[in-house]
Amino acid sequence: MRDRALAQMTLAWMRGFYREPEAIFWVFGFPIVLAFALGIAFKNRGPGELRIGVLHGGADSAIARVLDTSPALAAGVLDSAPALNQLRTGRIALLVVPGNPIVYRYDSTRTESRLARLEVDDALQRDRGRADPAQVRDDRVTEPGSRYIDFLIPGLLGMNLMGSGLWGVGFSVVQARTKGLLKRFLATPMRKSEYLLSYMLSRLVFLLLEVGALIGFGWWIFDVGVHGSFTALGLCTLVGAFSFAGLGLLVASRAKTVEAVSGLMNLVMLPMWILSGTFFSYARFPEAMQPYVRALPLTALNDALRGVMVDGASLAGVATPLGVVGAWGAVSFLVAVKIFRWR
Amino acid sequence: MSEAERPPAIRCAGLVKRYGDVTAVSGLDLTVRAGECFGLLGPNGAGKTTTIEILEGLTPADAGEVQVLGRHWGGGAADRLLRQRLGIQLQETKLPEKLSVEETIRLFASFYPEPQTVETVLDLVELGEKRKAWYSKLSGGQKQRLAVACALVNRPELLFLDEPTTGLDPQSRRQLWEVIAVFRAAGNTVLLTTHYMEEAERLCDRVAIMDHGKVIALGSPRELIASLGAEHVVEFTLADGAPVTVLEPVLRDLPGVGAVRVTDGTIALTATALHVTLPALTGLLERRGHALASLTTHHASLEDVFVALTGRRIRDA
Numbered sequence: 001m002r003d004r005a006l007a008q009m010t011l012a013w014m015r016g017f018y019r020e021p022e023a024i025f026w027v028f029g030f031p032i033v034l035a036f037a038l039g040i041a042f043k044n045r046g047p048g049e050l051r052i053g054v055l056h057g058g059a060d061s062a063i064a065r066v067l068d069t070s071p072a073l074a075a076g077v078l079d080s081a082p083a084l085n086q087l088r089t090g091r092i093a094l095l096v097v098p099g100n101p102i103v104y105r106y107d108s109t110r111t112e113s114r115l116a117r118l119e120v121d122d123a124l125q126r127d128r129g130r131a132d133p134a135q136v137r138d139d140r141v142t143e144p145g146s147r148y149i150d151f152l153i154p155g156l157l158g159m160n161l162m163g164s165g166l167w168g169v170g171f172s173v174v175q176a177r178t179k180g181l182l183k184r185f186l187a188t189p190m191r192k193s194e195y196l197l198s199y200m201l202s203r204l205v206f207l208l209l210e211v212g213a214l215i216g217f218g219w220w221i222f223d224v225g226v227h228g229s230f231t232a233l234g235l236c237t238l239v240g241a242f243s244f245a246g247l248g249l250l251v252a253s254r255a256k257t258v259e260a261v262s263g264l265m266n267l268v269m270l271p272m273w274i275l276s277g278t279f280f281s282y283a284r285f286p287e288a289m290q291p292y293v294r295a296l297p298l299t300a301l302n303d304a305l306r307g308v309m310v311d312g313a314s315l316a317g318v319a320t321p322l323g324v325v326g327a328w329g330a331v332s333f334l335v336a337v338k339i340f341r342w343r
Numbered sequence: 344m345s346e347a348e349r350p351p352a353i354r355c356a357g358l359v360k361r362y363g364d365v366t367a368v369s370g371l372d373l374t375v376r377a378g379e380c381f382g383l384l385g386p387n388g389a390g391k392t393t394t395i396e397i398l399e400g401l402t403p404a405d406a407g408e409v410q411v412l413g414r415h416w417g418g419g420a421a422d423r424l425l426r427q428r429l430g431i432q433l434q435e436t437k438l439p440e441k442l443s444v445e446e447t448i449r450l451f452a453s454f455y456p457e458p459q460t461v462e463t464v465l466d467l468v469e470l471g472e473k474r475k476a477w478y479s480k481l482s483g484g485q486k487q488r489l490a491v492a493c494a495l496v497n498r499p500e501l502l503f504l505d506e507p508t509t510g511l512d513p514q515s516r517r518q519l520w521e522v523i524a525v526f527r528a529a530g531n532t533v534l535l536t537t538h539y540m541e542e543a544e545r546l547c548d549r550v551a552i553m554d555h556g557k558v559i560a561l562g563s564p565r566e567l568i569a570s571l572g573a574e575h576v577v578e579f580t581l582a583d584g585a586p587v588t589v590l591e592p593v594l595r596d597l598p599g600v601g602a603v604r605v606t607d608g609t610i611a612l613t614a615t616a617l618h619v620t621l622p623a624l625t626g627l628l629e630r631r632g633h634a635l636a637s638l639t640t641h642h643a644s645l646e647d648v649f650v651a652l653t654g655r656r657i658r659d660a
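Those protein sequence lines, which keep their order, are chains A and B.
Position 239 of the first sequence, counted from 1, bears residue number 239 in the working numbering, the numbering being contiguous throughout.
Position 221 of the second sequence, counted from 1, bears residue number 564 in the working numbering, the numbering being contiguous throughout.
The shape of chain A in the complex, shown without the other chains:
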């Protein structure tokens, strides 16, 4: 009968969670929306197409046609007023004034414009018969694994495990306490250890869905693969989920109101949102801060996840950060059990 109580409590917390539409969005929808938006914004487009204006008059259409054949350029013929206006506002990177000599009008402090000057000149000179003495070949680095999105997805996964662990556990623990449900449970022969464990377990069932949704999305839309083994990834997320569930339990162990626990949770999460290298590498922080930053559970989890997903590391390869994550979870849980407010 004992395992049945554990199962029923776990089920109860799960149901309470997935029957709350807002919770579903924050756990499943939000990270995907975020990954999508950031993935689009930071998509590696290569140099992209530079917009070039050709001033009306002379051999304008011939020049525009030559420029258009270059894959890096998009040219259009413009009258002088709109041409100058577009150049000033940056909608065209460079203005070509036909004549002899041909004049390039551009802002040399803009990287894009200087690039445009090289591309335009190259296209025009070749068209006029310039031959290149050296043979060259381009080798563009765009393969999956080295893009921003490849860095981002494991970070979002870590951040999501933190958020849903803390909110999922902390919120419902405090709610059960403030609404008298905990007291009602204590009036039954329930085991306290099972009560606490059921919260941890309820998190794990969502884990598969949560992780699956984000990894699946990254793979489908951005071709973000998992270079290490799925077993290693699974174990990393498992340890991460357990750890943050334990931290959630700790944060909620004394709180008497939902407001208090919300404040505490933001206090715990805020430094990690900034420091733990979810959106940008934590290497940007000063050297003196590094040991502290690396000791944070989210930093360690992100390191482990990136190790497996991006670098294809084995479990042994991410043992150190994974150990840090696990230690946070174990210590949090033990302290939470000690100081838990049952009444």
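So the derived label-pair ranges between C-beta atoms look like this: (1) B:G370 - A:R343: 19 to 27 Å; (2) A:V337 - B:D548: 43 to 51 Å; (3) B:I559 - A:E20: 43 to 51 Å; (4) A:G29 - B:G530: 50 to 58 Å; (5) B:V525 - A:Y18: 32 to 40 Å.
Hint data in this document are derived by calculation from the structure and do not stem from the laboratory.
Built from N, CA and C at the ideal position, the CB exists for glycine as well.
Knowing the structure of chain A, use the given hints to seat chain B on it.
Same frame as chain A, now just chain B:
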């Protein structure tokens, strides 16, 4: 076993509970016999809930001794065995909002080694039609019946009900009384708190009237009412607001009148026979030139017992 031979379901002596400067329970002695329905009656703040929660082993007492079904609360495995025999409904439990009736009962059933089936419990509290409904979608009466269902799921011998019908409409209240009656018919014991006189008179074999953390009267509702010395209560107010103190001794001498009490301009008489007292009263007032503003009579109730003991009404005490 006859009821007299069975050991008491609950016995407590010298219970004290303080919250800071406030003494919620102040030296309370109580014995609840096996098989009876016992009511703790009193105004809000009388210490009813604190008392019942001490007996339930949920709140530790500062002093005193508690015995429930022959056992003491001491923590550990023995407590869990005792809890298997108790059914508890707390005054303010919000069950999980997004669990259905069925799921909630199943959840509570999982805590016990030999629970009743979900079907049986649903039938017992007549919530079969609502089995799929979420707790948050239930009416007040249905929520309360579900709370009682959770308390009954383990076939308890002793049921604690803390203000089970507070805030319910009359129909929901009667439905719950029915559930309690069925439970008692099987020889089980009930301890309930209430501030509804009618509920106590209707359900309880014995009641303890509580005020300021103490029992101020104990007995069957009939005995307590009989202690007033009269079956009826006549209440009236005078139109001219005449000084009633002058009237008091005269009223006491009217035929059939027991006690006379004046509260806020309302004069209350206890009377053994209305047909004797009422004509005499109206005659007296007429002779003295007083006009009546209102006059009501009712059967003496536990409310009147409380008023007689404390000078206050239970509702506004």
